[in-house]
Amino acid sequence: MNYHAEIDVKLTLGIEAETKDDAICYIDQLLEEIHEGYAIGLKYRINFVNEEGEDEE
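Residues 16 to 72 in the numbering used here are what the sequence shown spells out, letter by letter.
In case anyone wonders, no lab produced these hints; they're calculated from the structure.
Check the hints yourself; a few may be wrong.
[As the list claims (entries may be wrong)] Result set (DSSO-like, lysine-lysine): computed pairs, CA atoms no more than 30 Å apart in a straight line:
(1) K58 - K35
(2) K58 - K25
(3) K25 - K35
Small disclaimer: the values here were computed from a predicted structure and weren't measured.
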């Protein structure tokens, strides 16, 4: 029997980059490697947070 599962996951990453665009690029590359290596379909939205854990504007 085949099963289809959707899993909501919160992933927190500490990325060191010169700009937000660079950080987004690094995150995209990481998630693409996961997708290709493990055949996992990923949908994601990136939110940057400040040091207090609050969403940045």
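Outcome of the hint check:
1. Restraint check: the Cα-Cα separation between K58 and K35 comes to about 19 Å, which is no more than 30 Å; the hinted pair holds.
2. Distance hint between K58 and K25 is fulfilled; the C-alpha atoms sit about 12 Å from each other, no more than 30 Å.
3. At most 30 Å may separate the alpha-carbon atoms for a hinted pair to count; K25 and K35 meet this at roughly 19 Å.
Of the hints listed earlier, there is not a single one the structure fails to meet.
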